[in-house]
Each structure stands twice: as C-alpha cells, then as structure tokens.
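Protein chains in written order, with UniProt numbering: chain R, 1 to 443; chain H, 1 to 443; chain C, 1 to 443.
These are calculated hints, taken from the structure and not from any lab test.
Some hints here could point you the wrong way.
Treat identical chains as interchangeable: a pair holds within one or across any two.
With a straight-line Cα cutoff of 30 Å, these simulated DSSO-like cross-link-like pairs (lysine-lysine) come out [claimed, not checked]:
| id | residue 1 | residue 2 |
| --- | --- | --- |
| 1 | K197 | K412 |
| 2 | K302 | K228 |
| 3 | K230 | K302 |
| 4 | K197 | K228 |
| 5 | K198 | K412 |
| 6 | K301 | K237 |
| 7 | K412 | K301 |
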Amino acid sequence: MRKLLLFTALSALGLTSAYAQAETAGAATTDAVLDVKFMIDNLWILVSAALVFIMHLGFASVEAGMCQRKNTVNIMFKNVFIVCIGAVGYMLWGFNAMYPSDWAISDVFAVGSGLTGAATDAEASRFYLSESGEAAYTIWSDFIFQAMFAATAATIVSGAVAERVKLTSFMIYATILVTFLYPVTGSWEWGTGWLDKKDFADFAGSSLVHAFGGFAALAAVIVLGPRKGKFTKDGIKPILPSNLPLANIGVFLLFLGWFGFNGGSVLSADAAGVSFVFVTTAMAGFTGGLGAIATSWIVLKKPDLSMALNGMLAGLVGITAGADTIPPYAALAVGSIAGVIVVLSVTFFDKIKIDDPVGAISVHGVCGIWGTLCVAIFGTTEGVTFGVQLLGTLSISAFAFITSFAVFYAIKLIMGVRVDEQEEHEGLDVAEHGSPAYNDSTP
Amino acid sequence: MRKLLLFTALSALGLTSAYAQAETAGAATTDAVLDVKFMIDNLWILVSAALVFIMHLGFASVEAGMCQRKNTVNIMFKNVFIVCIGAVGYMLWGFNAMYPSDWAISDVFAVGSGLTGAATDAEASRFYLSESGEAAYTIWSDFIFQAMFAATAATIVSGAVAERVKLTSFMIYATILVTFLYPVTGSWEWGTGWLDKKDFADFAGSSLVHAFGGFAALAAVIVLGPRKGKFTKDGIKPILPSNLPLANIGVFLLFLGWFGFNGGSVLSADAAGVSFVFVTTAMAGFTGGLGAIATSWIVLKKPDLSMALNGMLAGLVGITAGADTIPPYAALAVGSIAGVIVVLSVTFFDKIKIDDPVGAISVHGVCGIWGTLCVAIFGTTEGVTFGVQLLGTLSISAFAFITSFAVFYAIKLIMGVRVDEQEEHEGLDVAEHGSPAYNDSTP
Amino acid sequence: MRKLLLFTALSALGLTSAYAQAETAGAATTDAVLDVKFMIDNLWILVSAALVFIMHLGFASVEAGMCQRKNTVNIMFKNVFIVCIGAVGYMLWGFNAMYPSDWAISDVFAVGSGLTGAATDAEASRFYLSESGEAAYTIWSDFIFQAMFAATAATIVSGAVAERVKLTSFMIYATILVTFLYPVTGSWEWGTGWLDKKDFADFAGSSLVHAFGGFAALAAVIVLGPRKGKFTKDGIKPILPSNLPLANIGVFLLFLGWFGFNGGSVLSADAAGVSFVFVTTAMAGFTGGLGAIATSWIVLKKPDLSMALNGMLAGLVGITAGADTIPPYAALAVGSIAGVIVVLSVTFFDKIKIDDPVGAISVHGVCGIWGTLCVAIFGTTEGVTFGVQLLGTLSISAFAFITSFAVFYAIKLIMGVRVDEQEEHEGLDVAEHGSPAYNDSTP
C-alpha cells in the first residue's frame, strides 16, 4: 500500500518508467533523489549554454567597438554567420567527431556525423543516462553546450582579420575551421584522445578553444597581411577604436559568459566545484584587468581602457585551463601575470608588423598557452607535468596554425582573401553590404 | 526515534508543515524529495522570467537601432512604459482573466481581477501546491513569468508604429492591448478555453504572443499610415537604420531571452524537456539566420545584416509553437524556411505600402502563423491536426487584428494617433520629449 | 544488502564521505536529499553573483550614457577599475571584516584579513557546512556573491563625481571606500553587529549598499564642487546626456541584475522566498518607472526618458530593504512613491547646487532611506519599528557621509581631487586617457 502510494506520487513527477523494477519504497526514493540531482546538474549545463551563447554578442560588440566605424556591419555580419553556421556544422559533423565512439586514426582523428539515435528521438531514449546512474545531463544539453563553445574558436579569428578580409572567403574559411578543424584537437583531450591519455589538463579550453583560435588567427593574419596604412615607413600608425562603450559592453558580456564557459565545464552543479570555479575565474579576470592597467600605465604612459578590457579577457583566458584546480590566491597571480603578458604581447606583435586589430592573438593565443602552463605551475593535480602541458598546448597551437594557414592560403590561391584597396579605404560596410552601421544624417 | 531525527532534519529545511501527517520516515523522505524538486522547478521559472524580462531591452534596442536617430528616445520611452504598465495591468486584471477560475462567456472570455488570496498573503498559503504534489512553482513565479510574456505583445506593435505615432495615443492603446485584449486569446488556449479543448497546440506562443502582436501591429499600421517620404511616386525610399550595433545587441538579447521564453514554458526543470527545447529553439534561430542570409543575398543581391538579424528572430518565432515536439532535424527546416519567409514577407509588405520600420509584422505575425502550422507539419503530437492549427492561428490573428483596429481607430477619432508632419520631420525625440538621444556637440 | 546498494548508488554521486556514519538506508537517503538541496541553494547564489556582476556593466553604461561624450572613456575606465579592485580588496580584507569571527570593537568594528582556511584549501573543507545541515552554499559562493555587492558601493559614487574628478585621486578614494569603509557598516547588520541586535531590517541593502553609496557620493560631490558651467548666474544650465540608448541598456541591465541582488539575498533557492522577492522587486521597479513618468510629466512638462529610467532604479532601491516582507500590493506603493521622490529629489539637489550628473544621490541615497523606512511602514515583520529603521539608515548614511568626506578631503589636501579647468573643458578622455570614446572620422 505504502509502495503503491509512493509509485503514485512518483508518477506525478513523470518519472514512472525508472521505477518499474524498483522493489521497495526505499529504493524508489533513492532513485527519485538521483533524478532530482540529474535535473539540477542538467539545468546548470543549459544555463551555462545560454551564458556561452551571449559571449557571441560579446565578441561581436568588442570587435565592432575596437575597429573602425566603416567596418562595423561587416564585423557583426561575420559574427552572426559564425554562430549560426558553427552550431549547424557542429550538429551535422563536429559533435560526433569531437566525442568519437570510433576513431578513424586511433586517438587522433574521428569522422563526424549527424546527431543520431537517442539525440533525435524524443521518446526512445530521453536521457543520456549511463547504467551507473552517474548521468549529469541529457545528450541535448551536452550538444548545445558544446556547440556554443565550438563557434567561439572561429569568432576569435574574425576579430584578428577584421577590416580587410573578403567576406565570402572568410565565410568558407570559418565554416571549415569550426566544423572540421576545431573538433580534431578537441578530440585529443575532451574526446579521450592521445593528450587525455598523457594526463594533459585543460579544464575549459585555454588551449583547446583559446590557443586554438589565437594561433589559427595568427596564421590567417600572416596570409592576409596588415591593414593599409597601419605600418608606414614613418612607423606604426595607431588606428583608433570607433566605439569604446560598445567594446566595454562586449568585454563585460564575455566576462559574464565566462561564468558559464568555465562554470559549466564542471559538467554538473556540484556545489564545491562550481563555486570554486566561479571564484578562480572571476578573480583571475579582475586581476587581469589590474595587471594590464598597471602595465599599460608604465609602458604606454597612460591609463588605457582598451588594455584594461583586454587585461580582463587575458586573465579569464589564463585561468580557463586550471579554474578547477588552481587555488584562489594563485588565481590572483595567474590573472595579474596574464594582464602583464597581454600588454607586452600586443606591443610585440605590433612591432613585428603582425596586424591584429583587437589583440586576439595575444589575448587568446599567447595567454591561452600561459594558462595551460599555469595548471602545472600553480595547480595541485597529481600527474600533471609542465612537460606534458607544454607539449599539449604547443601541439594544439601548431595544429591550429598549420591547418589554418593551409586552408586560408588555399582559399587565397583560389579566390583571394582580401578586399581590394578601394574597398578597404571606403570601408567594408558600404562596399560589401551596401549599408553603413550608423546613419546620423537627421535634421 | 529514527522518525524524530528525520523530522528534526527536515525542520532544518524549513519544510516542517508538510510533514505533519506523514506516518513513516520513508514517506517524509519522499515528501522531502518532492520539495527539492519543487525548488528547482520553481527556480527555473524564475530564471526564465528574468530572461524574458531582458527581451524588453532587446526589443527597445532593436527598434531604436533599426529606426532613425531622431526617434530613438521616443522608441525607448514607449518600451519602458510598456513593460511597466504591462506588468501592473497584468497584476490588476490580466493574470486572472487569462487563467480564469470562472468564465463570463464559457471558454471565450473571463473577467479579470487583482491577484487575490494566496498570492497576496505570504503566510496563509505560501505554495501554489495542488493536493497531488504536482506543483512545479509558486503562484508568484507563475505570475511574474506570465507578466513578462504579456508585455511583449504590445512591444511588438511599438516597433511597427514607430517614428510617427502620437505618444499619448499609443500609451492608451498599448495599455488596453496588453491588459484587456491579450488575455482573451491567451485564455482560449493556456486558460483551458475553446482552443485548448480542440487540441490546438501552441507551446510557448507562436500564435498567442507573436501572431497576436504581429496582427495587432498590422491593424495599427493600417490605421496609422506610412511614414512620410517612405512611399513616393518615384518608388520606395529606404529609410536607413540609425544604429546597427544597437540592433545587433537587441537581437542577441532577444535570442538569449528566448531560452527563457521557450525553455521556461516547459513549466518545470524537467531535464529532457528543457534540454530538448533549448536545442530546437537555438537551432531554429541559427538556421533562421542562415535562411535569411541566403535569401536576402539572392533577392536583394547583398549580404544584409538587418535581414540576417530578422532571420534569427523569424526562426525563433517559428519554433515557438512546437519547440517541445518538433524533432531537432525538423527544427533546422522550420528555422530555414522562416528565414526565407521573413525576407519575402518584408519585401511584400513594402510592395503593398504597409510601412513597418522594423519588420515586426513579418517576423512575429507571418512567422507566428508559420510556426503554428509547423506543429502539425513537423511535430509528433497525437491529436494535433493541420486544420485546427490553422483555425487557431487565424482565430487569434483575426481577433488581434480586429480588436486592435477597433481600439486604435477609436483613439484616432477621439484624439488622433499621429504626430503632425512638422514633428515627424523634426523627429519625435525633440518634438515630444525635448531631448535628442545622442549629444555629440562636445569640443 | 539494501544498504550496500544504496551506498553504491550514493557513491556514484560523489557524496560518499558524508555517509560514513550513516546507520540506515533511510538516514542515507535523507542526507542525499539534503545534499541535493544544498546544490540548488548554492547554484542560485552563484547565478545571483553572476547577475550582480552584470550590474557593473549596467552602472558603467548608464553613467557613460548620461554624461558628456568627452568623458566616456574616463567613466568606463573607473568602473572597470572599481569592480577589479573591489573584488580583490574584498578578498584580502573586506569579507572577513564584514562577517567577523572576532570584533576589534564589539559589534562595531572588526579587522579584516585574507580568505583563510577552508576558503583556500580545496581539499580540507570543501563545504561551508554547519553541523546542523542547514548550509545553503559554500564559502566561495558566499564570498563571490558578497564581493560583487561590495564593489557597487564605490560605483555609485563614481557616477556622482563624473566629468571632473581626478582619476588617480578617485582610484585611491574608491579603493579605501570599498575595501575599508563599506565593510564597517556592513558588519553592523549583516555581520551580526549592533544594528542586527536592535532588530534593524535591511534585507538586501537599501541602507547598507545604496544609502551608503549615495551619501558617500554626496560628501564627495560637496568636496569636489559642481561641473564648470552647470550653475551659472543665469541659472542652471542643463548638460545633456550623450547617449541615451547606452543609458537605457545600463538601466535594464541593472534591473536584470537586481533579480540576483535581491533574489540571491534570500540566501537559498527557497521557492516561496525567491519568487516572492522576484515579484516585489519587479513590481516596485515597474511602478517606480510609472511614478517617475507621471511626476516628471507634471513637474518638467515633458515625458522624460532619463527620469523614467531613474524611476525604475528608484523603485528597485526602494524595495531592496523589504523585498522579502513587503506584500506585492504594497510594493506597488513603495515603487510609485520612490518614482515620485526621485524626480523631486533630483530637482531639489539641482536647486541647492549639488551637481550629480546621473542622479546617484537621489536614486541610491534618498530612495535608500525611503526603502529602509518602508520595511516599517509596509512590512509585516514582528519587531521591526520605524524608530530603529530610522536610526539604522541615518547611522549608516551618516557614517558613509562623514568617512567619505574625511577621506576625500584628505586626498584633496594631499594631491587634489579635481582636474584642471582646461582638462575639464577638453574632456577627460583625451586629457587623462589620450583617447576619445568614439572615432567617427572615417571617409
């Protein structure tokens, strides 16, 4: 009777099927607890996916704000396209290539495919539930969270090539990068590939997402060349940002999204885990800002807002690999040093005439490597070594650089990657899109 | 003894009262599990309410960005007013009219009233708890989530009538629309009225919110007439958007809010349910963007940012009725086709000289109908038929159109609905508000 | 056997250690329920922390939008610095000074220190778990939520002193304010100090955060003096806001963040508690907007967007002290009256030549006092008296005013607090940062 009542109550929760074999009220209750835990774990992954989604508005805004007014529409158009095609490509190929059930080349490369089976059938298998009851989220939550991540890699490149890249060429390049290249290195670690087997540690992607994007960007920028008028025989001509409040909005939204990017990477709503990650993530971001403010004040002799903003991002990229293991006080060091690095790195790339309008190579590439090494320097995880961290981050960066270079160079040979000088001068908004971003000519 | 300890532990959770009648420790534990489930379900509704709230910033930003600079303050003022009056009106009348305990005309019309009883008394009945233990949220969560929804209907209209509507007339109209008209069609389906009894399916409101708003907008635009200078004897004169980064911010915030709009409409934190809805919602939004990019490139011969943005919204509107039942792959089709439809529809309304500055009629009205039909075309729910879906969406759209027309026309007769030509030329910001949106005249 | 199986299942949840002493399956299940409840409570605090974080973007945007174009970079730079230094200062001193384990002066002042013990050691004591099992969040969640709060106090000041304050002086002042002064009054109530012992009620900080910030701002403005050209012998010269869409974004983000600011202050995910707070908070914000719209229309003879926006904020500040106890209908009154107050207060401060470019003193200071009194006027909590509420809010405001005055005046004597007239005329962006916020000079 008691048992019957329990089943009735649990049926009301829509959880009947799981209880068919339950033999006692106690067991049923335990299963019910597991189910509620499953709900909260899953919900946090979904909220995190929404937070990572808003990073795409962050990227669009910071890139548009940091670049010239005349290229604003073009930048935003690219960002809209990337997040759209990135998610679709990830659904049709990338997800299964990154988390392979079969490898084409063992631990190195897997063939992707569309979401299959359970993922497309609401009835057959609603839960992504292992036999052991450890499931923390459904396959749909897993997919949508990872899809939001995937698109960020191509977005990082879009900032670096802004203001002179040919739209259609970039669209082809970005589609290949996000759909086919990003999942390869992803599978090495998160898909239990060769780096995972070496105990390489990259919690939320300092290397797998940020260094990947940053070094793909470096290759693309080398193929593309600098903006006209940036490097003259009279020295480097600064090209001023068009809209710093927009860039400010972008960076704060990226920071907000990072709570999902890193916090969601706990892959459950574990209280200690997620709160620890929130603290390390936020404190690294804040000290990144302070580090860059101090460094730019000393080096550039002024309190530079762009650098302060990039410093926050640098700190966030820096902590991303070890947000789960680096103690809070060490996170202050990780962030501060990332803030110093990003200012020096931006200055360095300017000096060697690598033209990166938003500092993406420094923020994501250089600080991505820094962050990956920090897991060995500051982290406390057994088995993590500086050597493997270095090997991993360089392997991923090298793969990103080489494949990005190859693809972008091939596109250059076939159809060109750069707008003509007249279009660049005029601005891509009018030249490519027939519409300026701002229209002020009102009475 | 065991039992006593359990009660002590549960008291610590502040959940004592529910356990007064519990006869065994097992039963108490089961109730405790139900209570924790209740907490998470309820929390998700609240987070969703916050997400839908931010859609109002999305609407304000996209409308201001798409219109002319000289009318920016006016647009934002209207949006601030709508969300404020919408929530207050919903509290004093709409909520109880939409979810009636008594009908004035059976299954068709109910008289509203202020929140009563439990909702206003923190002690008497803290929970919106049915006897069966199925409760997923408190009455306050229910109210605030629905209140945030309600205000969106009037906001949709505000974009379509922008740049020439008289402020006070619109304020009266919007108050009537959101408080008295929106709950009527709402009650037909979500208030268990006649459409619900016919197995009409509209999960989160492709018809009840979006088509309602879109066709109310169409009526208002017809009463109001086009902006001066838009349709000339030399053809259609495009009026350029004033601030596309602002519009971009608006659309991405709307997209973000849609995770709460659709995700919260699951009305619980059910893992499979919410994650399924996240995937269908996001993928339809993304393919909507791609569909509109492709279509506008072919039709308008350029990669149009405004169309890409409206395409994402169109895809989101399209999936809203069936986000819970349309399989993920079909969601790609729903979104893509919505993206095509919105471009053609915007072009069509321009051709027949219906002047809708932001494309609201196409995005919300036309794609709202499309989405409602998709539940029958792509969905898998037993009992849902194309005929009833068509009947439902046309009934709702017709009700919105006719009542909106009547109210707005009556206001036109009484006090006028349009600013005079001089004010329209000068811009409503200075004419109605005495303040331009941007002041650049600094040294 | 049964028991063994249960332990196995619970081990799968990673919750083994807590169960070592559990003697029966029933007890283990009850503990598992408590653990899941702990997860959801904790998660809500973290999500709230993220929501409060985004308020810093809100402040930056509203302040930049309300001020002149030429001071935009300076305003945003200050806001970035404040949130960074605020969190670091709170980690190194403020958190432990505000929630003291030992008092230096009993119930009045405690010495701070860095996060210690459990907070820095991931292994030793992962949970902030009291013996009674009542814990709702980890110490890290507690810290990061409170750290996000702390920085808001200094941010309130930054708006009031905008457009003429010397950057380095403000940076020193803000660091002292947020690190050393804010935790003192915080400890009086939330740290179980003398006001807490008197049954003073300030749920989420109408006094402790907002009146504190508002009256610190008043002192700073008095020391600093008005902007040149604001008060002339020909009367008050309005200085127009540079970017109202940016201000609109800022206010809506603040409103969004307030769901975490007040909602998170429930300190658990209690369904009735959080949903009640959502309703009172939102309705007070909405009626604040309506109250200010009506009042400004009557007083200023125009529908003023800035006032509508400040009215929403005023309503939110007004409900903050009593969001947990003031009934929903009374919240309409709290908000409406706050909306009236803020318009009259802004006008009043203008008249007595206190120059506050964003109305921070009125919104946060005056309405902070109003809100604190509302707990006695409209609230239903036993033990709360008008007398103690008045005593508490005046004590906090007086402490903020006096210490802010002393610190800022000392800085004025030592190094000056104001830029020179030439810099003020030119704008701080170019003068202090060498970079304008907007660069439009494209072909």
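Hint-by-hint comparison with the structure:
1. K197 - K412: neither (37 Å within a copy, 61 Å between copies)
2. K302 - K228: both (26 Å within a copy, 25 Å between copies)
3. K230 - K302: both (21 Å within a copy, 29 Å between copies)
4. K197 - K228: Intra 46 Å, inter 66 Å, cutoff 30 Å: neither.
5. K198 - K412: neither (37 Å within a copy, 59 Å between copies)
6. K301 - K237: Within one copy only: 17 Å inside, 36 Å across.
7. K412 - K301: For K412 and K301, only the inter-copy Cα distance (24 Å) is at most 30 Å; the intra-copy one is 40 Å.
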